[in-house]
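A.B. asks: What follows is the residue order along each chain.
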Amino acid sequence: MYLKNTWYVACTPDEIVGKPLGRRICGEAMVFFRGPDDQVTAVEDFCPHRGAPLSLGFMRDGHLVCGYHGLTMGPEGKCVSMPGQRVAGIPAIRRFPVIERYGFIWVWAGDAELADPAKLHHLPWAEDPQWAYGGGLYHIQCDYRLMIDNLMDLTHETYVHASSIGQPEIEEAAPATRVEGDEVVTSRFMENIKAPPFWQAALRGNGLADDVPCDRWQICRFTPPSHVLIEVGVAHAGHGGYDADAQYKASSIVVDFITPETETSIWYFWGMARNFKPHDAALTATIQAGQGKIFSEDLEMLEAQQRNLLAQPERRLLKLNIDAGGVQSRKILDRLLEREVQERAALVAARAAASGTAAGTAATRPATVIHPVTQGSH
Amino acid sequence: MYLKNTWYVACTPDEIVGKPLGRRICGEAMVFFRGPDDQVTAVEDFCPHRGAPLSLGFMRDGHLVCGYHGLTMGPEGKCVSMPGQRVAGIPAIRRFPVIERYGFIWVWAGDAELADPAKLHHLPWAEDPQWAYGGGLYHIQCDYRLMIDNLMDLTHETYVHASSIGQPEIEEAAPATRVEGDEVVTSRFMENIKAPPFWQAALRGNGLADDVPCDRWQICRFTPPSHVLIEVGVAHAGHGGYDADAQYKASSIVVDFITPETETSIWYFWGMARNFKPHDAALTATIQAGQGKIFSEDLEMLEAQQRNLLAQPERRLLKLNIDAGGVQSRKILDRLLEREVQERAALVAARAAASGTAAGTAATRPATVIHPVTQGSH
Amino acid sequence: MYLKNTWYVACTPDEIVGKPLGRRICGEAMVFFRGPDDQVTAVEDFCPHRGAPLSLGFMRDGHLVCGYHGLTMGPEGKCVSMPGQRVAGIPAIRRFPVIERYGFIWVWAGDAELADPAKLHHLPWAEDPQWAYGGGLYHIQCDYRLMIDNLMDLTHETYVHASSIGQPEIEEAAPATRVEGDEVVTSRFMENIKAPPFWQAALRGNGLADDVPCDRWQICRFTPPSHVLIEVGVAHAGHGGYDADAQYKASSIVVDFITPETETSIWYFWGMARNFKPHDAALTATIQAGQGKIFSEDLEMLEAQQRNLLAQPERRLLKLNIDAGGVQSRKILDRLLEREVQERAALVAARAAASGTAAGTAATRPATVIHPVTQGSH
Chain A
1 MYLKNTWYVA CTPDEIVGKP LGRRICGEAM VFFRGPDDQV TAVEDFCPHR GAPLSLGFMR
61 DGHLVCGYHG LTMGPEGKCV SMPGQRVAGI PAIRRFPVIE RYGFIWVWAG DAELADPAKL
121 HHLPWAEDPQ WAYGGGLYHI QCDYRLMIDN LMDLTHETYV HASSIGQPEI EEAAPATRVE
181 GDEVVTSRFM ENIKAPPFWQ AALRGNGLAD DVPCDRWQIC RFTPPSHVLI EVGVAHAGHG
241 GYDADAQYKA SSIVVDFITP ETETSIWYFW GMARNFKPHD AALTATIQAG QGKIFSEDLE
301 MLEAQQRNLL AQPERRLLKL NIDAGGVQSR KILDRLLERE VQERAALVAA RAAASGTAAG
361 TAATRPATVI HPVTQGSH
Chain B
379 MYLKNTWYVA CTPDEIVGKP LGRRICGEAM VFFRGPDDQV TAVEDFCPHR GAPLSLGFMR
439 DGHLVCGYHG LTMGPEGKCV SMPGQRVAGI PAIRRFPVIE RYGFIWVWAG DAELADPAKL
499 HHLPWAEDPQ WAYGGGLYHI QCDYRLMIDN LMDLTHETYV HASSIGQPEI EEAAPATRVE
559 GDEVVTSRFM ENIKAPPFWQ AALRGNGLAD DVPCDRWQIC RFTPPSHVLI EVGVAHAGHG
619 GYDADAQYKA SSIVVDFITP ETETSIWYFW GMARNFKPHD AALTATIQAG QGKIFSEDLE
679 MLEAQQRNLL AQPERRLLKL NIDAGGVQSR KILDRLLERE VQERAALVAA RAAASGTAAG
739 TAATRPATVI HPVTQGSH
Chain C
757 MYLKNTWYVA CTPDEIVGKP LGRRICGEAM VFFRGPDDQV TAVEDFCPHR GAPLSLGFMR
817 DGHLVCGYHG LTMGPEGKCV SMPGQRVAGI PAIRRFPVIE RYGFIWVWAG DAELADPAKL
877 HHLPWAEDPQ WAYGGGLYHI QCDYRLMIDN LMDLTHETYV HASSIGQPEI EEAAPATRVE
937 GDEVVTSRFM ENIKAPPFWQ AALRGNGLAD DVPCDRWQIC RFTPPSHVLI EVGVAHAGHG
997 GYDADAQYKA SSIVVDFITP ETETSIWYFW GMARNFKPHD AALTATIQAG QGKIFSEDLE
1057 MLEAQQRNLL AQPERRLLKL NIDAGGVQSR KILDRLLERE VQERAALVAA RAAASGTAAG
1117 TAATRPATVI HPVTQGSH
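Here the protein sequences come in this chain order: A, B and C. The first sequence begins at 1 in this note's numbering and counts up by one. The second sequence begins at 379 in this note's numbering and counts up by one. The third sequence begins at 757 in this note's numbering and counts up by one.
Worth flagging that the hints you see were computed from the coordinates, not collected in a lab. Among the clues, some could well be false.
As the list claims (entries may be wrong) - Which chain A residues stay away from chain B? Per the calculated CB distances, all over 10 angstroms, these:
no.: 1; residue: G35
no.: 2; residue: T286
no.: 3; residue: A311
What the hints assert, rightly or not - Computed list of lysine-lysine pairs in DSS-like fashion (alpha-carbon distance at most 25 angstroms, straight line):
no.: 4; chain 1: B; residue 1: K697; chain 2: A; residue 2: K293
no.: 5; chain 1: B; residue 1: K697; chain 2: C; residue 2: K834
no.: 6; chain 1: C; residue 1: K875; chain 2: C; residue 2: K1049
no.: 7; chain 1: C; residue 1: K775; chain 2: B; residue 2: K671
no.: 8; chain 1: C; residue 1: K1049; chain 2: A; residue 2: K19
no.: 9; chain 1: C; residue 1: K950; chain 2: C; residue 2: K875
no.: 10; chain 1: C; residue 1: K1087; chain 2: C; residue 2: K1075
no.: 11; chain 1: A; residue 1: K78; chain 2: C; residue 2: K1075
no.: 12; chain 1: B; residue 1: K456; chain 2: A; residue 2: K319
Unchecked claim - Only some residues are given here: those of chain B computed to face chain A with a beta carbon under 7 angstroms:
no.: 13; residue: F424
no.: 14; residue: H427
no.: 15; residue: P431
no.: 16; residue: Y446
no.: 17; residue: T450
no.: 18; residue: G462
From the three backbone atoms N, C-alpha and C, an ideal C-beta is built for every residue, glycine too.
Please construct the entire structure, taking both the sequences and the accompanying hints into account.
C.D. replies: Okay, structure coming up:
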């Protein structure tokens, strides 16, 4: 149960340098490649000739060449050439709308005609030279909503990340959750605490003392379909906490883009955006390595939780106050999923009316027609 | 098809030193831990908060703390505390009766109100200082009854364990099988034979000549639900064989506790109890290593046999005279399984009468109630 | 959907030297061994005693001894002895007709009474001392027909085997396909080309210049049930190409025996037969190593194609002119499969008439009868 008519992070540009990338997203096997004019394209990872994965092929002159028999795929999902063949009759394969922005390749996993670039999640920091970003990608066997729950309740830091960002004061500070339209915000503020190891390092990285009392904050924001951006930071106590002047604090945005692969697996794009020392590449690398280690600690727990839930599907989970962020996020998702069902029904009806036939889905997913065989003995 | 209202070996004390142990038994995911006052407890391996396995958590002051968000579980399956939460409304999880005795942790996998310590298999040697014990644990992908068959027909030693305890004389000595109530005894006696390598070592370990003619015996006893204890030994020939004076023989009890994990997998606790040189720890270690190697030889055969039987479920197996021990053991199991069905039906009726409702199972497996969310925005 | 009443390559003689071999063919678990008088036998890999795989046993005096309890199986699928047992009542297990010829063990996977040695694929080169053969075996997770398609359209060499036998001229030369009874022949001829690396080596191996213009040919012949033999070669240009005198060419036969294991996996016996320098064992080894490397390049593609097709079973594949060889081969297979259905229906009717009962299959697959237990307590 995930939204399909929405933009998900599919991959990063470095994953498609000079080669195609096969990746399943929302149940759809896709292949991503950089076509003529350097535009990124996504089509089905299924050669219309014999069904081989196009992602096993290679790039030639901005076209994707199937590695089995050389069918050459253009950016529109249309075969542009094939040795010894007339290609006009070769059916097109499904194309998925793609946008490259903010350092990511985004894909619209559902109905292409509904794809709207204006609906892309706006990320001002990603285009601001005063900010730096470092991150990574994990493949995790869990429902994407378990990861949303995880990120909207940072109480788990005390347990899962005890040696880095966890500290007892987190669970002692009750979170406050509010709903803002389709977004959910859960905030926690801690005052006069000792900074945990990760934040001590960040303070030092920012040229600040790491052994003085601090204020700490965590402001988690869920944005559909499955993004959680978390403003996190510490300030030397007595300077206004979250609102302290930049010279007294180290702060950043934890970035989490959670892309469903299947109902029970995700591509988890994690990272950190910061607006201090943005040009310090060594610092970026250090933070990235530290965050990567911390975020890997969630994997075992989430996958074990998923197995437990699959084994006992009838069990209901508790909804405590600390779970309010996830609970509210799921309510919004339920509402949007319901709306998507209606939109798709309307779309099917519109397609049927437009084509004058009942075969209303032909526009986006053409049936694979059998091409007349030119060989005489056939 | 395994009994559930009975005591099975779940683990050994060394497996829960300072940490919880997750183990599936009779299809139930359980977590074992040593609670306050050092008593061993088993509860569902499912945190009532978000379904994480409690076995990924840690021990604190005799309580099991969930490693995800810190829910603290007490020995009765009731949450005793959770940071920032009122815990009275958190539903209890299922608790499994446990006994620690004879060097093992035993669990009652079925209905808690029927658990009867008096039904524990009595093992006098395990509490007698004149006896020593060493053993191990194997995880095997087979129906527990295939292992019972294996142990109640030691003809296989000639083939599976040819280099250690097997010898042609085994299959030349016809076994005799008798039923004693719910137990089955299959015995084999061989006279004037050469001791095989394992027993030569045992004779030497007991200070006896290893190259003289011997009498050898194997007396396999099946006790429900799935225990096979085998009196085995050799005596210098001419001194009475099984009944020979201790100075002429090396004998011991092969101990096999077979605990179903699922319908087609087991936890196999194997070991050997001996009453010679009981304080010789080096000898215990030597025997344990030798037995571990020998018993590992059964794994491949049993798992391959299981795969064959699953692939051809309609095939019936032969029941030769050598199979009588297993055949009779299965007859007893079938009878006890039938009795358990009746007992559980009576129990459900009694529960319904007691509660005055149809929801008769509430006593042992409480439905997970949704705890009121205290957070206002919910 | 594979033929069963036909001869498939099961294994090579070296696989059953001094030991049995377990192998699943056409869904049937079989065990192959060399019985008394060195004749090869195949029976079910299922001991009639307790269902253990007989292939885990060992050979003794030309009989196969079960590794679990010593049941000794004779070449007819009848137990010939078992320690301490009367074996007359032990039911026979299914036997599969076997032929050893041409350096292979062939098995008839279907109804034994229809097995006809005259239907064995005739391979003159395999018995001609002027020819040498080297080959190997790969286990591949794909429908056997995907491998037939692969071999009947060598266009893929340009892509899958670009560094060894592929060259652009292959796809520029349109193939011609013709049907000859139950066989299909697809041929390609290229003139005045540069020999690719594999063929340069073969020219050198044959004492010929490797840097002169050549003619090249590929004549693929499909023979049911799943054999593709390919005449391949190069000749110095201007000497008649395929028909050139032996002193001007290097040619050979690529041998492909594709034996279904299951609906989606195969045992792929590949090799090369050549009639130049047939006694040069070092050359045979060199060719075998080179071919093995090249043919391993197909595995990833075929297995990925299979996964794609299983994920989208409703998708139809294109049938271009280059696919005509596979398309025609599948048509023949469809016709033969239909004929086999009718033959088997007739056989069942004949069996029923012969036995005077409805249990018409008893002749080839005896029901496993429960042998009376001789042990009194049973």
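A.B. asks: So, against the hints stated earlier in the document, which numbers end up violated here?
C.D. replies: Violated hints (numbers, rising): 3, 4, 6, 9 and 17; every other hint is consistent with the structure.
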